Amino acid sequence: MQDNALLQMRKINKIFPGVKALSEVDFTLREGEIHALMGENGAGKSTLIKVLTGVYQMDGGEITVNGEKIVIHSPQDAQKHGISTVYQEITLCPNLTVAENMFIGREHNPLVNKKAREKKADKLLEELGIPARSTQQLGSCSLAVQQMVAIARAVDSRCKVLILDEPTSSLDDKEVNMLFKLMRDLKSQGVGIIFVTHFLEQVYEVCDRITVLRNGELVGEYLIEDLPQVELVAKMIGKELDELGALTYFEEEKKESGEVFYEAASLSSSDALPFDFKIHKGEVNGFTGLLGSGRSESVRAIFGADKVTGGKVKIKGEDVKITKPLDAMKHGIGYLAEDRKRDGIIAELSVRENIILALQVMKGFFKPISRSEAEAFADEYIKVLNIKTASKDTPIGSLSGGNQQKVILARWLLTHPDYLILDEPTRGIDVGTKLEIQKLVLKLAEEGVSVTFISSEVEEMLRTCSRLIVMRDRHIVGELKGADLNQTQVMKTIAGGESENEK
Amino acid sequence: MNNTKKFRREPLTDTQLLMTITICIFVGMYLLAMLLFKGGFLHAQQVFDMLNDNASLIIVSCGLTIVMIGGGIDISVGAVTSLVVMSCVLYLNNGGNIFGSIRLALVIGLAFGVVHGFLISYLEIQPFIVTLAGMFFARGLTTILSVNPQKVDHDSFAALRAMKIEIPWLGYTAKNGNLIPARMELGVVVALVCVLLVFIMLTFFRLGRGFYAMGGNQQSALMLGINVKLTRFISYVLSGLLSGISGYVFMMHTGAGNATNAAGMEMNAIASSIIGGTLLTGGVGNVVGTLFGTLTLTTIKKIVVSSGLNDPWWQSITTGGMLCFFILLQSVVLSRRAKKKKA
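If you're matching them up, the sequences are chains A and B in order. Under numbering that gives the first Met the number 0, residues 0 to 502 are what the first sequence spells out, in order. Under numbering that gives the first Met the number 0, residues 0 to 342 are what the second sequence spells out, in order.
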């Protein structure tokens with residue numbers, strides 16, 4: 000069974016101050032297979048990948064490539080051994096050209112042959128069907144193209160092991176399919192691919208084998224045929240799925256109360272076209288649509304996060320003006336931003352400081368929240384939301400993604416909003432935390448808070464929302480509720496009546 | 000489809016765009032000055048004077064551009080220049096020879112560069128703090144060497160100083176009928192060679208592209224397999240080395256050492272780099288732009304003087320205004336560009 004093993008990691012240990020991130024983890028990658036590495040946030044996937052790529056040094060264990068024991072101290076070492084990585088965040092330089100990004104750091108000639116490089120790059124880009132020119136500045140390409148350039152770079156370095164860490168989270172369906180085609184091509188060339196993702200369907204679409212981690216320990220390695228999706232989820236969260244059952248119970252309770260909390264008429268911002276929108280007290284509604292359809296831009300306009308350019312806004316029937324986030328906050332609106340790393344956390348500050356931030360801003364900086372108050376708040380929400388952190392003084396940056404998200408959620412809950420906008424609150428976080436957040440949303444609604452929920456996963460929206468607003472090409476194209484709330488209907492509305500292939 | 004691809008011109012990169020803006024502004028400003036003030040601006044000597052007076056600033060700015068492209072800063076360059084001047088003057092006056100003095104200049108510059116680079120790159124201390132310390136240190140050493148101004152008293156150095164490149168066809172006829180050729184000091188040649196070498200290094204060499212990558216996104220540069228620590232180290236060493244060269248050129252220009260030599264030069268060098276299109280955030284910039292940045296700064300000062308505003312503060316005020324204008328311009332241009340991409 001081990002004879003075509005390309006990469007073996009045995010008994011890998013990694014200890015961070017106070018946390019054992021990996022303990023005795025084994026991982027085997029064979030030639031020409033796509034191997035999914037699955038686990039909740041904080042299960043140790045990222046740590047394992049970072050050990051393999053030399054970003055972290057392991058504290059014990061051994062790594063062999065083709066039966067030879069190797070030591071990896073830096074990303075360069077990893078590259079030398081044929082291990083290439085494409086990260087979720089683009090790790091290329093936006094100020095350089097596409098060609099440079101593909102070849103920099105890999106050539107040994109001190110003089111750069113620009114022409115030859117560009118020719119080579121163009122050839123490769125064409126082969127892989129990537130819509131970019133080699134002489135283009137990378138920063139002028141879309142994120143998806145940048146991602147593909149990163150893959151092209153890895154492909155060109157004749158890597159034996161290709162690690163794709165959440166490569167699909169910023170791609171749309173068409174791009175994902177292009178990526179999968181590329182992955183299958185590489186697989187047939189004998190490359191071993193490690194695929195890390197949160198999208199279960201994608202795992203079942205391309206992968207051959209799954210390794211599941213939980214709490215820094217190996218749960219097991221399975222062939223894809225042997226592990227149905229439900230069991231995979233159970234393995235990942237480590238308990239049977241009775242909680243899913245609990246959620247279906249909530250489903251029955253979706254309801255709509257009479258009072259309108261927020262109403263906007265032809266609201267527009269620098270990034271959003273005019274739209275009408277209203278939400279009732281205690282209602283959960285959702286914005287759905289493809290990437291770039293304008294759902295985030297619309298809610299940002301509601302919160303005043305982008306420059307508001309027009310429209311009338313009423314809260315509880317009264318005319319109000321919301322032009323900046325502080326206005327919105329004063330009217331009881333909270334907004335959990337889509338990009339957690341950029342617009343959410345302040346990585347260097349502690350969990351406690353991150354929690355009280357929004358409340359502090361609302362009170363004004365000249366009325367500081369006392370230390371003891373802040374600690375009480377922090378303790379309360381760490382408990383209520385079950386945030387896994389070493390202490391309330393731990394910098395938030397060292398928490399796992401799901402727990403960071405909970406801290407930001409706590410920040411908004413602390414302001415006791417009447418209307419909470421959650422933009423992709425469950426993106427990039429594990430199944431267990433996802434369920435917790437969904438449950439929380441429903442509980443808030445029951446308490447009379449209006450919630451707008453945005454997610455890329457339609458299924459998740461169907462479970463939580465009682466009304467779905469569908470957007471396409473920056474326009475609202477439909478509103479679904481009641482019996483229409485099902486996957487087919489949503490897809491139909493997103494796609495539009497006529498053929499959507501015209502463009 | 001292939002055809003259209005071939006003939007389509009690639010939009011300028013950020014670096015090229017900002018450099019082009021600077022060059023255009025310089026040319027426009029100079030032409031304007033020629034029209035408005037005539038006099039000196041009509042003679043080629045005006046340009047040569049600007050180069051003669053600023054050769055050492057140009058050299059130092061080259062070093063600073065390298066460091067800034069890599070996302071760092073080096074504010075010790077003026078003080079190091081001053082230290083080099085004073086050391087070389089004393090060395091020559093105490094029986095040293097020319098080659099010895101050149102070697103001394105390079106060694107002092109290199110030494111500062113190496114120490115800065117080591118502290119910043121390998122011990123990961125903030126570049127601003129490290130080079131601030133370096134600045135005080137070099138200034139202090141200069142004063143220890145001599146509190147009083149020192150004049151060089153050395154025959155072969157005097158001969159070297161007197162060597163000037165004369166270009167008769169660019170000269171002009173003075174009022175008494177004599178033809179005065181355009182004169183360029185040796186230091187200018189050194190400065191232009193420095194600009195050329197740094198330009199080649201930045202554009203065609205792996206190392207140079209490494210500076211850009213590091214300044215663009217340090218984490219990415221690391222992931223792309225660039226030895227970021229070494230690259231950063233080298234950027235400070237180069238800056239130190241260029242400060243050494245600058246010191247020597249400074250001495251050739253003034254022929255004397257003074258504890259307050261090159262005071263504020265680091266700030267002028269930063270201003271030159273920024274006006275030349277180097278972003279303080281790193282990753283964007285070009286040494287040719289820096290050369291024009293220096294010239295733009297100098298032209299402004301000359302224009303101020305020509306307009307009869309002889310008080311020294313006017314020069315500072317216009318320099319400040321200029322810098323502000325350029326930074327605004329850069330951010331407007333770059334943000335417009337980012338928006339275009341989005342749409």
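If you are wondering where the hints come from, they were derived from the structure by calculation, not from laboratory data. Computed from a prediction, not measured in an experiment: that's the story for all the values here. Hints are supplied without guarantee of correctness; some may be wrong.
Simulated coverage check for chain B against chain A, where a stretch passes if three residues somewhere in it have a Cβ under 8 Å from a Cβ of chain A [claimed, not checked]:
id : region
1  : 37 to 48
2  : 196 to 205
3  : 292 to 306
BS3-like, lysine-lysine: derived pairs with alpha carbons at most 30 Å apart [what the hints assert, rightly or not]:
id : chain 1 : residue 1 : chain 2 : residue 2
4  : A       : LYS159    : B       : LYS37
5  : A       : LYS79     : B       : LYS228
6  : A       : LYS113    : B       : LYS300
7  : B       : LYS301    : A       : LYS119
8  : A       : LYS277    : A       : LYS234
If you want the ones that stay clear, here's a sample from chain B, every Cβ over 10 Å from chain A, calculated [unchecked claim]:
id : residue
9  : LEU31
10 : LEU89
11 : ASN92
12 : ALA110
13 : VAL113
14 : LEU159
15 : MET162
16 : ASN175
17 : LEU191
18 : TYR211
19 : ILE233
20 : GLY254
21 : ALA262
22 : VAL283
23 : LEU322
24 : SER330
Just so you know, even glycine gets a beta-carbon here, dropped at the ideal spot from N, CA and C.
Here is how each hint holds up against the structure:
1. Under the rule that three or more residues need a Cβ within less than 8 Å of chain A, the assignment of the region 37 to 48 of chain B is violated, with 0 such residues.
2. Figure legend: the region 196 to 205 of chain B, annotated as covered by chain A; annotation consistent (3 residues with Cβ-Cβ distances under 8 Å, at least 3 required).
3. Using a Cβ-Cβ cut-off of 8 Å, 0 residues of the region 292 to 306 of chain B lie near chain A, which falls short of the minimum of three, so the contact claim is violated.
4. Restraint check: the Cα-Cα separation between LYS159 of chain A and LYS37 of chain B comes to about 69 Å, which exceeds 30 Å; the hinted pair is violated.
5. As the CA atoms of LYS79 of chain A and LYS228 of chain B are separated by approximately 19 Å, the hinted pair is consistent with the 30 Å bound.
6. For the hint pairing LYS113 of chain A with LYS300 of chain B, the CA-to-CA distance comes to about 40 Å; that exceeds 30 Å, so the pair is violated.
7. Taking the CA atoms of LYS301 of chain B and LYS119 of chain A, the gap is near 49 Å; set against the 30 Å cutoff, the hint is violated.
8. Pair hint LYS277 of chain A plus LYS234 of chain A does not hold up; C-alpha atoms about 41 Å apart against a cutoff of 30 Å.
9. Remark: the non-interface label on LEU31 of chain B is consistent with the geometry, its nearest Cβ contact in chain A lying 32 Å away (cut-off 10 Å).
10. At roughly 38 Å, the least C-beta separation between LEU89 of chain B and chain A is larger than 10 Å, which holds for a residue marked as non-interface.
11. With a least CB separation of 41 Å from chain A, ASN92 of chain B remains clear of the 10 Å interface cut-off, as annotated.
12. With a least CB separation of 25 Å from chain A, ALA110 of chain B remains clear of the 10 Å interface cut-off, as annotated.
13. The beta carbon of VAL113 of chain B sits about 21 Å from the closest Cβ of chain A, which is more than 10 Å, so the claim that it is off the interface holds.
14. For LEU159 of chain B, the condition that its CB be more than 10 Å from all CB atoms of chain A holds, with the nearest at approximately 33 Å.
15. With 10 Å as the threshold on Cβ separation, the claim that MET162 of chain B sits away from chain A holds: the shortest Cβ distance comes to roughly 34 Å.
16. The Cβ of ASN175 of chain B lies farther than 10 Å from every Cβ of chain A, with a closest approach of about 54 Å, so its non-interface assignment holds.
17. Here LEU191 of chain B stays apart from chain A, with its beta-carbon at least about 22 Å from theirs, past the 10 Å limit.
18. The beta carbon of TYR211 of chain B sits about 6 Å from the closest Cβ of chain A, which is not more than 10 Å, so the claim that it is off the interface is violated.
19. A cut-off of 10 Å between C-beta atoms confirms that ILE233 of chain B is not in contact with chain A; the least separation is 12 Å.
20. Consistency note on GLY254 of chain B: stated as away from chain A, and its beta-carbon is indeed over 10 Å from all of that chain's, at 39 Å minimum.
21. A cut-off of 10 Å between C-beta atoms confirms that ALA262 of chain B is not in contact with chain A; the least separation is 34 Å.
22. VAL283 of chain B, annotated as away from the interface, has a beta carbon of chain A within 10 Å; the closest lies near 6 Å.
23. Chain A leaves LEU322 of chain B outside its interface by the beta-carbon criterion, the shortest separation being 22 Å against a cut-off of 10 Å.
24. Non-interface call for SER330 of chain B relative to chain A: holds, since the shortest CB-CB distance, roughly 15 Å, exceeds 10 Å.
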